[in-house]
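Trainee: Residues per chain, in single letters:
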Amino acid sequence: RKEVEQDPGPFNVPEGATVAFNCTYSNSASQSFFWYRQDCRKEPKLLMSVYSSGNEDGRFTAQLNRASQYISLLIRDSKLSDSATYLCVVNNQAGTALIFGKGTTLSVSS
Amino acid sequence: NAGVTQTPKFQVLKTGQSMTLQCAQDMNHNSMYWYRQDPGMGLRLIYYSASEGTTDKGEVPNGYNVSRLNKREFSLRLESAAPSQTSVYFCASSASPGQGGYNEQFFGPGTRLTVL
Numbered sequence: 001r002k003e004v005e006q007d008p009g010p011f012n013v014p015e016g017a018t019v020a021f022n023c024t025y026s027n028s029a030s031q032s033f034f035w036y037r038q039d040c041r042k043e044p045k046l047l048m049s050v051y052s053s054g055n056e057d058g059r060f061t062a063q064l065n066r067a068s069q070y071i072s073l074l075i076r077d078s079k080l081s082d083s084a085t086y087l088c089v090v091n092n093q094a095g096t097a098l099i100f101g102k103g104t105t106l107s108v109s110s
Numbered sequence: 001n002a003g004v005t006q007t008p009k010f011q012v013l014k015t016g017q018s019m020t021l022q023c024a025q026d027m028n029h030n031s032m033y034w035y036r037q038d039p040g041m042g043l044r045l046i047y048y049s050a051s052e053g054t055t056d057k058g059e060v061p062n063g064y065n066v067s068r069l070n071k072r073e074f075s076l077r078l079e080s081a082a083p084s085q086t087s088v089y090f091c092a093s094s095a096s097p098g099q100g101g102y103n104e105q106f107f108g109p110g111t112r113l114t115v116l
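These protein sequences, in sequence, are chains F and U.
1 is the number of the first residue of the first sequence in the working numbering; add one for each residue after it.
1 is the number of the first residue of the second sequence in the working numbering; add one for each residue after it.
In short, the hints are calculated from the structure, not lab data.
There could be a bad hint or two in this list.
List time: in silico SDA-like cross-link candidates among lysine to any residue, alpha-carbon distance up to 25 Å [what the hints assert, rightly or not]:
1) F:K42 <-> U:V12
2) F:K45 <-> U:A2
3) F:K2 <-> U:G63
4) F:K45 <-> U:K57
5) F:K2 <-> U:Q85
6) F:K45 <-> U:V60
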């Protein structure tokens, strides 16, 4: 099992849609979980951290399921500006660095 | 604050040439990282430095060397460039991992390197 796996997509949705991304991770001892956003030809930027109890930031909701070792990101009321690649990030087996998933591409159309 | 800066932004090399990618951060972070990003491969860690004076190999260190010059600067050197090293290189920094896990990593704008 790869350390971090994501469905690469692309997810093509209309404006206003709700879309969900899932990510699975292999290290059951992982403590740190994030979602990053990367626009085309730009650097990755933190979208939100993922906490055990789940957390929400405006239209974005992140959930963590430790038993099943997966993380989810829900985007409500999609905007054109949400078009980007979303990277799932987890700390590595050795606990020394972060591992980035390959990303899920979202395209929101009008 | 400039955050994380990288130079150069673009570079074309011939096979066998050498070059150094520069990275600097002004956030007083202890940890710094070098990644490469290739289509379909995602971000892969080349080397990291948990603190000034220490460096460690990541997932894909072969063909690269690093220097943590001081707390602010972390350089990546390609001694003899190969076409397989054509990629986008990102430098990142973060505060030291604290209790409960890792802190956010801040990325530089990247260097687009082509090796012919």
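Trainee: Hint by hint, say whether it matches the structure.
Mentor: Results for each hint:
1. The suggested pairing of K42 (chain F) with V12 (chain U) holds, with an alpha-carbon distance near 19 Å, which does not exceed 25 Å.
2. Between K45 (chain F) and A2 (chain U), the direct Cα distance comes to roughly 15 Å. Compliance with the 25 Å bound is thereby established for this hinted pair.
3. With a C-alpha separation of about 24 Å, the suggested pairing of K2 (chain F) with G63 (chain U) holds against the 25 Å cut-off.
4. For the hint pairing K45 (chain F) with K57 (chain U), the CA-to-CA distance comes to about 23 Å; that is within 25 Å, so the pair holds.
5. Simply put, K2 (chain F) and Q85 (chain U) have alpha-carbon atoms about 23 Å apart, close enough for the 25 Å limit, and the pair holds.
6. Distance check on the hinted pair: K45 (chain F) and V60 (chain U) sit about 22 Å apart at the alpha-carbon level, within 25 Å; holds.
Checked against the numbered hints above, the structure violates none of them.
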